[in-house]
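Line by line, the protein sequences give chains S and C. Note that this note's numbering has the first sequence beginning at 1, numbered continuously upward. Note that this note's numbering has the second sequence beginning at 245, numbered continuously upward.
To be clear, the hints were calculated from the coordinates, so they are not data collected in a lab. Predicted model only: the values in this text are computed from it and were never measured. Any given hint could be a false lead.
[To be verified] Using 20 Å as the maximum straight-line C-alpha spacing, the simulated SDA-like pairs for lysine to any residue come out as follows:
#1 S:Lys15 - S:Gly78
#2 C:Lys253 - S:Asn98
#3 C:Lys323 - C:Met442
#4 C:Lys265 - S:Leu102
#5 C:Lys323 - S:Lys15
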Amino acid sequence: MNDTSDANHPVIRVKDVRKVFGVVQALSGISFELNKGDFLTIFGPNGAGKTTLIKILAGLTRPTGGVATVSGYDVAEGDPGLRRELGVIAHASCLYANLCALENLVFYANMYGLENPREKAVQAIEEVGLRERMHDSIRTFSRGMQQRISIARAVIHDPSILFLDEPFTGLDPHGSNVLKEHLHSLHTHERTILMTTHDLPCGLEMSDKIAVQVRGRFALFENIDKLDKHRFEEQYFQIINDSD
Amino acid sequence: MRQYFHQIKTIVWKDLVTELKTRELFSSMFIFALLVIVIFIFSVDLSIVKANEVGPGILWVAFLFAGTLGLNRSFMLEKENGCLDGLILTPADRTAIYFGKLISNLIFLLIMEAFILPLFMIFFNVDLLSHLGPLLVVILMGTLGFCSIGTLLSSLSSNLKTREIMLPILLYPLIVPVVIAVVRMTGRLLTGEPLAAMMNWVGLTLAFDVIFIGVSIMAIDHILEE
Chain S
1 MNDTSDANHP VIRVKDVRKV FGVVQALSGI SFELNKGDFL TIFGPNGAGK TTLIKILAGL
61 TRPTGGVATV SGYDVAEGDP GLRRELGVIA HASCLYANLC ALENLVFYAN MYGLENPREK
121 AVQAIEEVGL RERMHDSIRT FSRGMQQRIS IARAVIHDPS ILFLDEPFTG LDPHGSNVLK
181 EHLHSLHTHE RTILMTTHDL PCGLEMSDKI AVQVRGRFAL FENIDKLDKH RFEEQYFQII
241 NDSD
Chain C
245 MRQYFHQIKT IVWKDLVTEL KTRELFSSMF IFALLVIVIF IFSVDLSIVK ANEVGPGILW
305 VAFLFAGTLG LNRSFMLEKE NGCLDGLILT PADRTAIYFG KLISNLIFLL IMEAFILPLF
365 MIFFNVDLLS HLGPLLVVIL MGTLGFCSIG TLLSSLSSNL KTREIMLPIL LYPLIVPVVI
425 AVVRMTGRLL TGEPLAAMMN WVGLTLAFDV IFIGVSIMAI DHILEE
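Using the sequences provided together with the hints, build the complete structure.
Quick look at the structure:
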């Protein structure tokens, strides 16, 4: 089922989602909603459950409790329709190291059932500015280049929802800037983005909403225009210290 | 349905292209199988023991041990760079992922076996050519059974730290009925018996092939989920 989204029908609806791995409570009850075109950045220390939350919303793992719907699909049901709407960029590139950039993207274009997969792949590579390297093996790419091809992979099927799990990890300042430019271009009124990052200035610069996740729950969830950006870093570390 | 088969074909294409570039799977499987055959040729006195009696067991040991190497490596390539997650994030049905990997593994094993058979024939001085047709049928049935449950278990063990040990531990007990059947059939074929006289063993092998594929279809969803 896929509802048409507007302000009354959030694109992402998470209600009291919990996740337990054995004895470890990764998520302790997270609830929030995002509308179409929103850009939410989730900050939090390592082990806060940010990646677990993204994996649940992307359908890679099921919640232990609670309900989450993305674009009208219940994430626990594993509907392929949901995966058509999603693009995910993680710190792993999801690229086959022994294939070239073009072969990787042709592969994913075929898996998404796109028409003219080779044309779409070439176009996606051109959009991230790596046309001259499209026949080179991914193994020869720098971390920054791999992330750019990973972006191309994640958006080749024009998804309406993007999840980015610490996409700046391992990037040098130039690579981070290039990635930020791409993300700015991807953030449109038609595309909803959820990003996790440790980079406070970057997250504040790009987002409409921010959250601070600590020990598996949101300690803060706020619209960016209600936040004092100059004091946010202080506020963030205060939240982390209070949770300890 | 057309999209389903297209996804299977795409996964097989990707594995074949990767293997053509690296030759990693084939070379490791072939060298290992050859080593097994060479070791046994020096440890068995063929003037005392008939090649037809010991040969089938040796051949299938070579195939299965080498095949285990290939199965282990198959899903390891998907785990590299988080590619398995990338695959699961596509709209592909998880059984399509299973069948794509199964067909790839089957192709690589059959190619390795095609190279090993002539060498086995030479080293053990066994006439395979006069029984080639039925022998290939038996090899296909046995390899299919091995690959069908092996692909499922390699996807399971790829998540474990002790994956190289766990796959054989999980796989070999399950594959025993198929191994017994194909070794028996191979031995009897080499003595000149027709395949039609072994329909019990053929039926057993095919039944297990179907069971393994059926179980894999039912289980792959849960195994690929974190």
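Item to check | Hints violated by the structure (listed by number, smallest first) | outcome: 3, 5
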